[in-house]
Amino acid sequence: MAKEVMVEHVTRVEGHGSIKVLIEDEKVKEVKFEIFEGPRFIEKVLVGRMYYEVPDIVARICSICPDPHQVAAVRAIEKAFGVSVDWQTKTLRELQLLADIIASHALHLYLLALPDYLGYPDSLSMADKYGREVKMGLELKRAGNALKEVLTGRSIHGCTVKPGGYTEVPTPSELERLSEILKRSMDGAVLAVKLFSSLKYPDFARGENVFMAVDPGEVYGFAGDYILVSSGERLPVEEYRKLTNEVAVPHSTAKHSSYKGRPFMVGALARVLLNGKKLRGRAAEMLKELEPKLDAFNPLTNNLAQAIETVYALERAVEMIDELLDKGLKQAAEVEIKPRKGVGVAAVEAPRGVLYHCYELDEEGRITKADIITPTAQNAANMEKYIRVSAERLLSMGEERLEGPLELLVRAYDPCISCSAHLIKVVKIR
Numbered sequence: 001m002a003k004e005v006m007v008e009h010v011t012r013v014e015g016h017g018s019i020k021v022l023i024e025d026e027k028v029k030e031v032k033f034e035i036f037e038g039p040r041f042i043e044k045v046l047v048g049r050m051y052y053e054v055p056d057i058v059a060r061i062c063s064i065c066p067d068p069h070q071v072a073a074v075r076a077i078e079k080a081f082g083v084s085v086d087w088q089t090k091t092l093r094e095l096q097l098l099a100d101i102i103a104s105h106a107l108h109l110y111l112l113a114l115p116d117y118l119g120y121p122d123s124l125s126m127a128d129k130y131g132r133e134v135k136m137g138l139e140l141k142r143a144g145n146a147l148k149e150v151l152t153g154r155s156i157h158g159c160t161v162k163p164g165g166y167t168e169v170p171t172p173s174e175l176e177r178l179s180e181i182l183k184r185s186m187d188g189a190v191l192a193v194k195l196f197s198s199l200k201y202p203d204f205a206r207g208e209n210v211f212m213a214v215d216p217g218e219v220y221g222f223a224g225d226y227i228l229v230s231s232g233e234r235l236p237v238e239e240y241r242k243l244t245n246e247v248a249v250p251h252s253t254a255k256h257s258s259y260k261g262r263p264f265m266v267g268a269l270a271r272v273l274l275n276g277k278k279l280r281g282r283a284a285e286m287l288k289e290l291e292p293k294l295d296a297f298n299p300l301t302n303n304l305a306q307a308i309e310t311v312y313a314l315e316r317a318v319e320m321i322d323e324l325l326d327k328g329l330k331q332a333a334e335v336e337i338k339p340r341k342g343v344g345v346a347a348v349e350a351p352r353g354v355l356y357h358c359y360e361l362d363e364e365g366r367i368t369k370a371d372i373i374t375p376t377a378q379n380a381a382n383m384e385k386y387i388r389v390s391a392e393r394l395l396s397m398g399e400e401r402l403e404g405p406l407e408l409l410v411r412a413y414d415p416c417i418s419c420s421a422h423l424i425k426v427v428k429i430r
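Numbering (the numbering used here), first residue to last: 1 to 430.
No lab work stands behind these hints: they were computed from the structure.
Fair warning: this is a prediction, and the values are worked out from it, not measured in the lab.
Wrong hints could be hidden among the right ones.
The following label-pair restraints were derived from C-beta to C-beta distances [what the hints assert, rightly or not]:
id, residue 1, residue 2, range
1, Asp371, Gly207, 28 to 34 Å
2, Lys27, Gly48, 49 to 55 Å
3, Arg366, Pro121, 46 to 52 Å
4, Trp87, Thr171, 17 to 23 Å
5, Glu30, Lys341, 44 to 50 Å
6, Glu392, Trp87, 49 to 55 Å
7, Tyr117, Glu289, 18 to 24 Å
8, Lys194, Lys330, 39 to 45 Å
9, Tyr226, Lys330, 27 to 33 Å
10, Ser125, Ser198, 16 to 22 Å
11, Gly131, Arg234, 45 to 51 Å
12, Leu124, Ser198, 19 to 25 Å
13, Lys90, Glu364, 26 to 32 Å
Virtual Cβ for every residue (Gly too), placed ideally from N, Cα, C.
Turn these sequences into a full structure, and let the hints guide you.
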């Protein structure tokens, strides 16, 4: 006789997915993190398209993080063509990545994750008692959106990003206005650090982990040409297949990744653990004080890493705007592109972790093959691993007590699946 415990339409995760735990003879027999959202076929859609169409198409992969997709795409195409862009374009792209970090982390921390710890089903329910927190979270997200709008024309699916540069660049007055907006939103970022550093994170998910993050160079950042692994390796992004080893699994439309046979984690916790010494300003001071709370064995502390990153992203964005204003902006922000046959691979850090784009192009600049590996797909096997660890430890409390903690665990990864609901199912075989 089997028993099913179901929680339907669990919100506060982007997309359609489910967790299934199979219990037999009072033991966890099987766990599955199921993504049942239909395949998007974006990589096939790109085949035959011209190189300059790619940024607008890949932005449609996600409305939460279109900017990392655009930046990864143009960097890969430029590598294939042997194109180098100037300092201004590199700076604007870094600002674009920072904008997405600010907007996405604000959304996740205040509106998706915080209700778990305050005991509410959603952010609207906690607005009466915690109205200040909800308001500051929204203001923080608005600041990230404002930065996106100025850089790309829209807060979702921007339209100015092209290989070689931008079709339009901000004016000095727009940048000055943005700087003030970002400075005003700092209180919300600092409050997020205070909130998430004051929490007592449950230890049911603790276990050894492997982390990966882009090596940004000397300064903490979100793009680079090498990948750092917590086991000590440093590999060029061109070896991304060796780093990810994707395989299809029958229970999910997302593939699973592993490195040397082990699942791994990407995202804010991985970045702060691997690149934290490169932080500067208030974020560096916060990390020094709070580092003991960033538990490499507990993925739940990813939320605290996100909060520290948000403080850094705001300060870094203001710093880069000041540099742009000091040096002066060139309105012609594109370099000449001469298509040639080639292959280009790029990696950037989306809010949820490392994002790979690889393109093969013909002599005319048409895409002949595309390969995109997203952070949530890389994290899927890692989530399954920790779901098992957690379920095995929590089972003594009764299978009916599994659902809330397992939701908390998956939500800590901030998975971007794509829409608005998922389902948890616990099956017990007597």
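Results for each hint:
1. Asp371 to Gly207: 28 to 34 Å: holds, 30 Å
2. Lys27 to Gly48: 49 to 55 Å: Because 51 Å falls inside the window, the suggested range holds.
3. Arg366 to Pro121: 46 to 52 Å: Since the Cβ atoms of arginine 366 and proline 121 sit about 49 Å apart, the hinted range of 46 to 52 Å holds.
4. Trp87 to Thr171: 17 to 23 Å: holds, 18 Å
5. Glu30 to Lys341: 44 to 50 Å: Roughly 47 Å apart at Cβ, these two residues keep to the hinted range, so it holds.
6. Glu392 to Trp87: 49 to 55 Å: Given a distance of about 52 Å, which is inside 49 to 55 Å, the answer is holds.
7. Tyr117 to Glu289: 18 to 24 Å: holds, 20 Å
8. Lys194 to Lys330: 39 to 45 Å: Given a distance of about 41 Å, which is inside 39 to 45 Å, the answer is holds.
9. Tyr226 to Lys330: 27 to 33 Å: holds, 29 Å
10. Ser125 to Ser198: 16 to 22 Å: holds, 21 Å
11. Gly131 to Arg234: 45 to 51 Å: At roughly 46 Å between Cβ atoms, arginine 234 and glycine 131 fall inside 45 to 51 Å, so the hint holds.
12. Leu124 to Ser198: 19 to 25 Å: Cβ of leucine 124 to Cβ of serine 198: about 23 Å, so the range 19 to 25 Å holds.
13. Lys90 to Glu364: 26 to 32 Å: holds, 27 Å
Taken one by one, the earlier hints all hold for this structure without exception.
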